[in-house]
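**Q** Here the protein sequences line up with chains A and B, keeping their order.
Taking this note's numbering as reference, the numbering of the first sequence is continuous, increasing by one, and the terminal residue is 1246.
Taking this note's numbering as reference, the numbering of the second sequence is continuous, increasing by one, and the terminal residue is 1296.
Simulated from the structure, these hints should not be mistaken for lab results.
Note that the structure is a prediction, hence the values are computed from the model and not measured.
Check each hint, because a few of them may be wrong.
To spell it out: a stretch of chain A is covered by chain B in this simulated footprint if at least three of its residues, at any positions, have a beta carbon under 8 Å from a beta carbon of chain B; those stretches are [unchecked claim]:
#1 1156-1168
#2 1172-1185
#3 1213-1223
#4 1227-1234
Think of the CB as a built atom: it goes at the ideal place given N, C-alpha and C, for glycine as much as any other residue.
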Amino acid sequence: MPETTRSIALTVNGVTVAVASGTTVAAAVLLAGQPTRRSVSGESRGPLCGMGICFECRVTIDGVPHQRSCQILCTPGIHVITNELAEDSGGSRIP
Amino acid sequence: MKWSFDILVVGAGPAGIAAAVTAARAGQHVGLVDDNPAPGGQIWRTGAHLPAAARQWQVRLDASSVVRLQGWRVFDCPEPGLVVAERNGAPWSRYTDAAINENHDCAELHCGALILATGARERFLPFPGWTLQNVMGAGGLDAMVRGGLPVAGKRVVVAGTGPLLLAVAAHLARRKANVAVICEQAPWSQLARFASHMFAEPAKLWQGVQYRMTLRRTRYLTGTWPIAALGRDRIEAVTLRQGGKQWDVDCDYLACGFHLVPNTELAELLGCRIENGFVVTDEVLQTSIPGIYCAGEPNGIGGVELSLLEGRIAALAASGSADIARSLARQRRRKLGFVRALEQACALDPRLRELPAQDTIVCRCEDVRHAALREHTGWREAKLHTRCGMGPCQGRICGPATEFLFNWRVGSVRPPLFPSSVASLVSPREPATGAEILAAANASPENSKETP
């Protein structure tokens, strides 16, 4: 259960955000007021399903792209980058 | 990394936990693989007050010998008795048993029997504005809140269909959200038939009463649904329609899901028979493929109690205790009426097919709009011409939507089940030797250790 104290510091697009332990990266991105990605036609998107199915919440964490932020818990010091143009290729990892 | 189990359970929701614990108690060496940071599935997601049954099963799981691969996602099953999984979000997510080697992000899981407990997801229907930020699933917003998103003082509209709406609205209200209105698409007459069925399920009825108490100041409208989400990038208001009436409601979030669809992709990939969208099993929940069992929502959407029972039945049958499994199966048959009643209660109003406008995006991965899809005659043709369903979600969101909108039959599951890293896809897989196959079949906690 998330604690009431915001004990974990991470960055979202370079801005420091403090969250409670147990917070998902997706929630941290929303707390930072950021969309998670830009769609292929340029819409700003946020999470939809919250359970790792829809891929709307995928972000880059510590340089690793396409991470489903709703299924990953925040850990201290991670760097989250959203809206990367690289994400526009969408299905690039699908053979 | 290579592991061998007598029984591998895929999915750690109620059905999967019950299956894993029951099989371990029957003396089997059990692996439990799940893609979330913690067990519990969607319904027993941590981050909020959990029901007593959830806490009990969690204690049983912790006390069991089950080897847990938490935060791992199954993406292929290249041969009988072998499942391949990739770690989610490496290297920040280390939710797995310490016994599992930390330095590997791809796992070969050999097993004698397989129990599929892959659960269900929400059905989403496209309407103008549904791709705006802060329009989420009903369970979707609930999951975000349990994952640390504060909603205190936020105005939320909950919409769609099914009992999940009430559960979500009650949870949001307890988190001090201002739930403006709950919109259920089904007409009152359709729900009344379901309500009468609930009297056979006192626990569920009581739960419903409790939800209603929490939400006593919230309007619950039937035969009502959102026809548009309004806003620039984020939702600011939603247009609702009830019969000939339509009106706007300001909101910070729209939580909208149209009941559930089963996650049958793994079963399909394994070649298990599927009928009307659900996995076909015998009375002890063995699928059409010997040694592969299925428990919980992929067999029919029936809720937590039925999932727990099915987990136990599948585990007993897979552990060789078919007699006890069959006696529990009689208990299960009595609960199947609820599955049918729920399906009827959540039957979608055909007018929901008129929700999308020409330019409404249907496939969110590839931004394929309704006008581009409706000229096609089927899923395959639409995929080839528009890339609908070919993005990272692989049609998990738009597939069920097009099934309803166009009556398309969505199919053809291929590996990898989820986009996976190239490293995992090309990781050299040595053909199993005879000795290894024997070891997989006879694996026990002592002799199953990682092979270098």
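**Q** Are the hints correct? Go through all of them and say.
**A** How the hints compare with the structure:
1. 1156-1168: Per the Cβ count (0), the hint is violated.
2. 1172-1185: It holds, with 8 qualifying residues against the three required.
3. 1213-1223: Check passed, 8 qualifying residues.
4. 1227-1234: This one is violated; 1 residues, fewer than the three required, reach chain B with a Cβ under 8 Å.
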